[in-house]
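Protein sequence lines correspond, in order, to chains A and B. Sequential numbering from 2 applies to the first sequence in the numbering used here. Sequential numbering from 2 applies to the second sequence in the numbering used here.
Some hints could be false.
Note that identical chains are pooled: a pair holds if it fits in a single copy or bridges any two copies.
As the list claims (entries may be wrong) - Heads up, simulated DSBU-like pairs for lysine-lysine below, C-alpha to C-alpha not over 30 Å straight-line:
#1 54 with 44
#2 264 with 312
#3 317 with 231
#4 98 with 355
#5 171 with 355
#6 98 with 215
#7 264 with 134
#8 292 with 179
#9 19 with 44
#10 215 with 44
#11 44 with 171
#12 215 with 231
#13 133 with 337
I should point out that these hints are in silico values taken from the structure, not numbers from a laboratory.
Protein chains: 2
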Amino acid sequence: MSTTQASKIEIIKAPNTKINEVDFDNINFGSVFTDHLFECDYKNGEWQTPTIKPYAPFMMDPSSRVFHYGQAIFEGMKAYKDDNNDIWLFRPDENIKRFNSSAVRMAMPEVPVSLFTEGLNQLLKLDEAWIKKGLGNTLYIRPFMIATGFGVVANPSDEYKFMIILSPAKAYYSGEVKVLVAEHYSRAANGGIGSAKTAGNYAGQFYPTSLANKEGYQQIIWTDDATHTKLEEAGTMNVFFRFNDTLVTAPTSERILDGVTRKSLIDMAKREGINMEVRPVLISELTEGIKNGSLKEIFGAGTAAVVSPIKGFAYKEEYFELPKIENSIALQLKEKLTNIQHKLAEDPFDWTVKI
Amino acid sequence: MSTTQASKIEIIKAPNTKINEVDFDNINFGSVFTDHLFECDYKNGEWQTPTIKPYAPFMMDPSSRVFHYGQAIFEGMKAYKDDNNDIWLFRPDENIKRFNSSAVRMAMPEVPVSLFTEGLNQLLKLDEAWIKKGLGNTLYIRPFMIATGFGVVANPSDEYKFMIILSPAKAYYSGEVKVLVAEHYSRAANGGIGSAKTAGNYAGQFYPTSLANKEGYQQIIWTDDATHTKLEEAGTMNVFFRFNDTLVTAPTSERILDGVTRKSLIDMAKREGINMEVRPVLISELTEGIKNGSLKEIFGAGTAAVVSPIKGFAYKEEYFELPKIENSIALQLKEKLTNIQHKLAEDPFDWTVKI
Ligand SMILES: Cc1ncc(COP(=O)(O)O)c(C=O)c1O
Ligand SMILES: Cc1ncc(COP(=O)(O)O)c(C=O)c1O
Chain A
2 MSTTQASKIE IIKAPNTKIN EVDFDNINFG SVFTDHLFEC DYKNGEWQTP
52 TIKPYAPFMM DPSSRVFHYG QAIFEGMKAY KDDNNDIWLF RPDENIKRFN
102 SSAVRMAMPE VPVSLFTEGL NQLLKLDEAW IKKGLGNTLY IRPFMIATGF
152 GVVANPSDEY KFMIILSPAK AYYSGEVKVL VAEHYSRAAN GGIGSAKTAG
202 NYAGQFYPTS LANKEGYQQI IWTDDATHTK LEEAGTMNVF FRFNDTLVTA
252 PTSERILDGV TRKSLIDMAK REGINMEVRP VLISELTEGI KNGSLKEIFG
302 AGTAAVVSPI KGFAYKEEYF ELPKIENSIA LQLKEKLTNI QHKLAEDPFD
352 WTVKI
Chain B
2 MSTTQASKIE IIKAPNTKIN EVDFDNINFG SVFTDHLFEC DYKNGEWQTP
52 TIKPYAPFMM DPSSRVFHYG QAIFEGMKAY KDDNNDIWLF RPDENIKRFN
102 SSAVRMAMPE VPVSLFTEGL NQLLKLDEAW IKKGLGNTLY IRPFMIATGF
152 GVVANPSDEY KFMIILSPAK AYYSGEVKVL VAEHYSRAAN GGIGSAKTAG
202 NYAGQFYPTS LANKEGYQQI IWTDDATHTK LEEAGTMNVF FRFNDTLVTA
252 PTSERILDGV TRKSLIDMAK REGINMEVRP VLISELTEGI KNGSLKEIFG
302 AGTAAVVSPI KGFAYKEEYF ELPKIENSIA LQLKEKLTNI QHKLAEDPFD
352 WTVKI
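For reference, chain A alone in the conformation it holds in the complex (with noise of 0.2 Å):
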C-alpha cells in the first residue's frame, strides 16, 4: 500500500506564491498558512486519491457530523531547515502513532503510516521556501482529521477529511508565564478522552483559562478531577518540576497527553545525569517547596511552546513566586532541544529524520 498510494498524490500548483506578503518577523502563532495543503478524503471504507493543492477553503454540509459531534483530531509538528537547506523532522513517527491512537479513541479510521508521511513530505518540499533557517524558524504543521458524513445522528460519521496544513512560526509563547492550579475546573475524566489530541478538549479549557486570564495568569495547570491535588499538565503542554536537583513529572495516563517533547526531555535529562522521576506530583509538594526552598524551577514542554519557564503559580488564592536561580535546567534543556532540532548539534538519540 505505501508506494501505491504514494506514488498517486495528485498535484495541483498554486499560481503563484503568497511568500513575499509575509513578514517573517511578526507572525502571530498559527494565522499565516504556506501556499498549499494535503488533503486525503475517506469514504466507503477506504482513503481515496491524495491531493495536495492550493490553500483554500472547502465546502461542508450544515450536517456535517463534526460540527454537532464534535469527532475531531490533530497533530502538532515543526519542520526545521539547516545551513545546508536540508528539511528535518523532529521523531515524526511519534506524531503520527499519536495521531493514531487518537483516531480510535475518537472512533474515526487511522490514517495509513505511508499516505501520511508521503503526503507532509511532498508538501514540505513543495512550500520548502516557507521554512526559514536559523535558530527559533521553524513551520508548524498541523495534520488533521475532520467528520465530513452527513447528518445529525449521534453515531460514528463514514466520511472524513484528513488534511495537513502549515504555518510558519516562532516560539508560542512570550513574556513570563505565571499559571493557576485549577481546584474546581478538569481537563479531563479518568476513563475519559484526555490523552487523545481531540478538538473538545481544548473547548472545554476556553472558559476556565478566561478567568484565570482575569486574574492574570495565562495558563491553568489542570489537576486530576476526583481530587484536585495531582499536578497534571497544562493546556497545550506538559509540566516539569525541579525540587533541588531533581526533575519531576507526572507519569502519562488516560488523562494526559503523552507529549513529544516531554518524552525527549526525560530522555535528555537521564542522558545529562540528572536525577529524573516520574511520579504523580501532589499540589502540596509545590506549596512546601516554595516555603522550605526546595522548589526551583516549573516549566512547560511542548512542540509549540518547546520549553518555558513558569514564574510563578496560584492556589487557593494566594501566588508562589518562584525564586530567580542561575542555572535554570529549563534553559539548558531548551538550548540542548533546539540544537538538536535545528541541527545545530550532534542527535544522539536519532531523533532528527531529514526528508
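Starting from the known structure of chain A, arrange chain B with the ligands on it as the hints suggest.
This is chain B with the ligands only, laid out in the frame that chain A set:
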C-alpha cells in the same frame, strides 16, 4: 434589540421544494433536511444580519477553530402540528436557556433570545409543510453554533456561525434497548463540560459505545468517573429507574445534561401522585433490585428518544434482564407526554407554545 433584530431577517427563498422527493414514513433520524435554514454570523463582537436561505453547504477555512479546538454547541427540539394546522413547540425557553449556558461554558457568545426565537419561528413558518400531523410525526429542530474564526492557536475564536436546520423525524430508537453500565470509560469529569451540550461530549462516547454495540448493547449508562458506582445518564438520554412504585433519577450536576424531557417527566410523575425521588442511584441498587424483584423498570428520556424503555443491562460481564410488567410507568408517561406535545391532551403545565 429584540424587535430590531426580529425585523431584520433577510429571507431568500428556495426556487423549488424538495418535499416531494421525501418518503415521510421511511426517514432515518436526522438524515433529511427541509428546504431552508436559518443563519446568523457573529463578527467584531456582534451578531450580523440574520438570514433564512436555502439549505446548502457553505465554505469553511481549513484553520477554522471548530476543526481544531472544538468550540461547537447544539440543541435538540421538536415542532408538532395539531389538527388545526397550528405549529407548537415544547418548552423552547428551556432549550434556549441551555444553549446559552452551553455557550458560556465553551467560551462562545450567547445568542439573544429574540434572535433565536424569531429565527426559529420564521423558519418553521416557511417550511411548515414539512411538519406532518399525527402522533409520532415531528420536525426535529437542530440549532447549533460553531467557531468559524481562523488560526491554529488554542484560544477562543473571534467569529462564530449560528444556524438552525430542520429534519422531519419519527422516534429515534426502534426496537428494544439493552444497555451496558460503564465500568471503565467515562463521559464527563467533575469540573468538566458534561452538562454542556457540546460536540466533543458525543465524539468521546463513540468508541466505548462501539465496543458495547459489539457485545449487543445499544447504549451505555455512564457512571461517575471517580468510582464508577453512580448511574448518571445515557448517550442522548437521562435515565429513570423504578423500584416498586417509586421512580428515581439522578440529580443534575456538572457531569449530567439537564434534560428537558427529564424535568418534564419529574413534574408529570409528581402530578400523577407517583413517588418521585431525585437522588444518586448506585449500580448496587440495580443488581440488588433485580435479585429481590424490586427493580421494575428502567427507561431513558430525551427529546429524540422521547421515553425509551430499557429491556436489561449488563454490568461486570453479567446481563440482568428486567421483568415483563403490565402497567409500565414508562409507557404511561410517554403517552401522556406525547399527547401534551401533539396537543391531543390538556397541557396543565403550560409547556406548549404556539408559534
Ligand atoms: C494538552 C497538551 N499537552 C501537552 C502537549 C505537548 O505535547 P508535544 O510535546 O507532543 O507537543 C500538547 C501539545 O501538543 C497538548 O496539546
Ligand atoms: C447527553 C444527553 N443527555 C440527555 C439528553 C436529553 O435531554 P432533552 O430531554 O432536553 O432532550 C440529551 C439529548 O438532548 C443528551 O444529549
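We went through each hint and held it up to the structure:
1. Taking identical chains as interchangeable, the C-alpha atoms of residue 54 and residue 44 lie at most 30 Å apart whether they share a chain (19 Å) or sit on different chains (29 Å).
2. With identical chains, the CA atoms of residue 264 and residue 312 are at most 30 Å apart within one copy only, with a shortest distance of 23 Å there and 47 Å across copies.
3. Proximity of residue 317 to residue 231 under the C-alpha cut-off of 30 Å is found in both arrangements, the shortest distances being 15 Å within a copy and 29 Å between copies.
4. Within a single copy, residue 98 and residue 355 get their C-alpha atoms as close as 18 Å, which meets the 30 Å cut-off; across copies the closest is 54 Å, which misses it.
5. When the C-alpha separation of residue 171 and residue 355 is checked against a cutoff of 30 Å, the pair qualifies only within one copy, where the shortest distance is 21 Å, while the shortest distance between copies is 56 Å.
6. In the homo-oligomer, the alpha carbons of residue 98 and residue 215 lie at most 30 Å apart only across protomers (25 Å), although the nearest pairing inside one protomer, at 37 Å, exceeds that limit.
7. Taking the closest pair of Cα atoms, residue 264 and residue 134 come within 30 Å of each other only inside a single copy of the chain (26 Å); across copies the shortest separation is 61 Å, beyond that limit.
8. Taking identical chains as interchangeable, the C-alpha atoms of residue 292 and residue 179 lie at most 30 Å apart only when both belong to the same chain, with a minimum of 18 Å there against 55 Å between chains.
9. For a Cα distance limit of 30 Å, the shortest separation of residue 19 from residue 44 across copies, 25 Å, qualifies, whereas the shortest one inside one copy, 32 Å, does not.
10. Only between protomers do residue 215 and residue 44 lie at most 30 Å apart by alpha-carbon distance; the minimum there is 22 Å, versus 45 Å within a single protomer.
11. In the homo-oligomer, the alpha carbons of residue 44 and residue 171 lie at most 30 Å apart only across protomers (28 Å), although the nearest pairing inside one protomer, at 37 Å, exceeds that limit.
12. In this homomeric assembly, residue 215 and residue 231 come within 30 Å of each other (Cα to Cα) only inside a single copy, at 24 Å, whereas the closest approach across copies is 35 Å.
13. For the identical chains of this complex, residue 133 and residue 337 are intra-copy neighbours only, at 20 Å inside a copy versus 69 Å across copies, given an alpha-carbon limit of 30 Å.
Checked against the numbered hints listed earlier, the structure breaks none of them; every hint is satisfied.
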